[in-house]
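**Student:** Letter by letter, the chains look like this.
Number of protein chains: 2
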Amino acid sequence: MSAEALSAGVALWRQVADGIEQAIADGRYLPGGKLPGETEIAENYGVNRHTVRRALAALAERGLVRAERGSGTFVRSRRIAYPLRTRTRFSEIINAGGREPRGQLIAAEREPASGALAGQLDLAIGAPLFRIEALRSADGVPISRGTTWLSAVRFPDAPKVFAAKRSMTKVLAHYGISDYRRLSTRITASVVDAADAARLDLAAGRPVLVVESIDVAADGTPLLTSRARFAAERVEFVIEPD
Amino acid sequence: MSAEALSAGVALWRQVADGIEQAIADGRYLPGGKLPGETEIAENYGVNRHTVRRALAALAERGLVRAERGSGTFVRSRRIAYPLRTRTRFSEIINAGGREPRGQLIAAEREPASGALAGQLDLAIGAPLFRIEALRSADGVPISRGTTWLSAVRFPDAPKVFAAKRSMTKVLAHYGISDYRRLSTRITASVVDAADAARLDLAAGRPVLVVESIDVAADGTPLLTSRARFAAERVEFVIEPD
DNA sequence: AATAATTTGTCCGTATGTATA
DNA sequence: GTATACATACGGACAAATTAT
Numbered sequence: 001m002s003a004e005a006l007s008a009g010v011a012l013w014r015q016v017a018d019g020i021e022q023a024i025a026d027g028r029y030l031p032g033g034k035l036p037g038e039t040e041i042a043e044n045y046g047v048n049r050h051t052v053r054r055a056l057a058a059l060a061e062r063g064l065v066r067a068e069r070g071s072g073t074f075v076r077s078r079r080i081a082y083p084l085r086t087r088t089r090f091s092e093i094i095n096a097g098g099r100e101p102r103g104q105l106i107a108a109e110r111e112p113a114s115g116a117l118a119g120q121l122d123l124a125i126g127a128p129l130f131r132i133e134a135l136r137s138a139d140g141v142p143i144s145r146g147t148t149w150l151s152a153v154r155f156p157d158a159p160k161v162f163a164a165k166r167s168m169t170k171v172l173a174h175y176g177i178s179d180y181r182r183l184s185t186r187i188t189a190s191v192v193d194a195a196d197a198a199r200l201d202l203a204a205g206r207p208v209l210v211v212e213s214i215d216v217a218a219d220g221t222p223l224l225t226s227r228a229r230f231a232a233e234r235v236e237f238v239i240e241p242d
Numbered sequence: 001m002s003a004e005a006l007s008a009g010v011a012l013w014r015q016v017a018d019g020i021e022q023a024i025a026d027g028r029y030l031p032g033g034k035l036p037g038e039t040e041i042a043e044n045y046g047v048n049r050h051t052v053r054r055a056l057a058a059l060a061e062r063g064l065v066r067a068e069r070g071s072g073t074f075v076r077s078r079r080i081a082y083p084l085r086t087r088t089r090f091s092e093i094i095n096a097g098g099r100e101p102r103g104q105l106i107a108a109e110r111e112p113a114s115g116a117l118a119g120q121l122d123l124a125i126g127a128p129l130f131r132i133e134a135l136r137s138a139d140g141v142p143i144s145r146g147t148t149w150l151s152a153v154r155f156p157d158a159p160k161v162f163a164a165k166r167s168m169t170k171v172l173a174h175y176g177i178s179d180y181r182r183l184s185t186r187i188t189a190s191v192v193d194a195a196d197a198a199r200l201d202l203a204a205g206r207p208v209l210v211v212e213s214i215d216v217a218a219d220g221t222p223l224l225t226s227r228a229r230f231a232a233e234r235v236e237f238v239i240e241p242d
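Residue numbers (the UniProt record's numbering), protein chains in the order written: chain A, 1 to 242; chain B, 1 to 242.
The hints are simulated quantities; they were obtained by calculation from the structure and are not laboratory data. This one's a predicted model, so the numbers in the text were calculated from it and none came from an experiment. Mixed in with the good hints there might be a few duds.
[What the hints assert, rightly or not] Cβ-to-Cβ under 7 angstroms is the rule here; a few derived chain A residues that face chain B:
1. V10
2. A60
3. G63
4. T188
5. E240
We put the CB at the ideal spot given by N, CA and C, even for glycine.
Required output: the full structure, derived from the provided sequences and hints.
**Tutor:** Encoded structure:
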């Protein structure tokens, strides 16, 4: 209905895309909600439907909307802002966003430290480790799949404790470690594998953000190292000076 | 030739994977180099070829090796470590890694600020901006495709200056800004689009790391905002306390 | 230029141990 | 305890792509 104003000097599709983006930002279209049909948008702006399609494709490319054939185009839910700082704890971050965090133990195994892991944890090669596989979610929506390694000597019942407390911070607290910090964080991306796709409820081929990190105690002793895969379409890492 | 020692209690394929990973870490297999054939590895470890394939699949999953049918399995070149700090400059980072950085202007256009951009740059909606499309590479290997927006009023000939100096830092210096810092950095991932795939020399479906950032002057005035897409298989963001 | 050899990818099957219901 | 499912490990055969002859 409402005709939108178009200015000169900018590609039409870009103006349409900007207009829709603004509408999403203003809350005129709500997360998860459906946009008007392509023809209707085209009428509103007084442009051809193909111009609208070009605009929607650009927005879809950036992950703002998601088109479903036969159904409509929907506004993607806002990505969860996930700050990466030296004090990074999943539960606190999700709580801060007003969501309900949950950690779920998938599997735990005892295994000897490989060369790489031994180096990161400052242990001898072959030292007994626990490898804990977990799934983390916010309000029931899966966010990340993580693999955590920690000493089986220093944390004798880590899997059991994690299963009960559902949080790695609480596991460390259980062993008397009240504070710890992130020593290093490395970020890459790859395509989700079949197992993670199932757990994270992602379609095949979707990208995941891979975060490898080492957490150390206040005195610098390595505590645990982990490799987490985040559903890229649901999170956004934010880096701001500490 | 050399028979490898196997221990009990750990899945065979995992032991083989650890062994190969260690060999890569030790430099016994060099980046870009070829691993022995699957059958040869199987003989070395005294396991079935399928067990080796399971191990190689795990390493390929983590991006350490890359298999080419008919040719062999190769050690992936180490990802470029790309530190993200408040002082983040592409050329300095690449130089620090002993590589030759290069910035190439692809296109530049004048366009009015959309609502989102105006907010980020603290300008009025519709204020004239330059949108600069650039390709950045290290030793001739494309690393990232970036779109940068900056005020066309404050930086009247930014595209020309960038084309000549090939560095955004030098563009700012040309306008008397000797120092600036990153105000915010947001990281996501998505699948490469066709245009970026061609420029970055990436196969379709490969993931890219998307970095949206805002740079400000020493006094906090926003200078430029950008959205860069990095070939995920060639870089690794590193976050360490400033 | 055509063929053979090599190497990874896929599919079949068999057997065993280990959780889980 | 029994049955079922799953991961692991091995063996063989062939397809598909690449490289060497």
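**Student:** Now, for every hint given, state plainly whether the structure supports it.
**Tutor:** Verification of the supplied hints:
The beta carbon of V10/A is positioned within 7 angstroms of a beta carbon in chain B (closest approach about 5 angstroms), and the interface hint is therefore held. Here the hint on A60/A is broken, as its CB sits about 10 angstroms from the closest CB of chain B, past 7 angstroms. Hint status for G63/A relative to chain B: holds, with the closest Cβ pair at about 6 angstroms, below 7 angstroms. Interface restraint check for T188/A: the shortest CB-CB distance to chain B comes to about 5 angstroms, inside 7 angstroms, so the restraint holds.
Of the supplied interface hints, the one on E240/A holds, with its beta-carbon coming within about 6 angstroms of a beta-carbon of chain B, less than 7 angstroms.
In summary, the structure is inconsistent with hint 2 from the numbered list given earlier, while agreeing with all the others.
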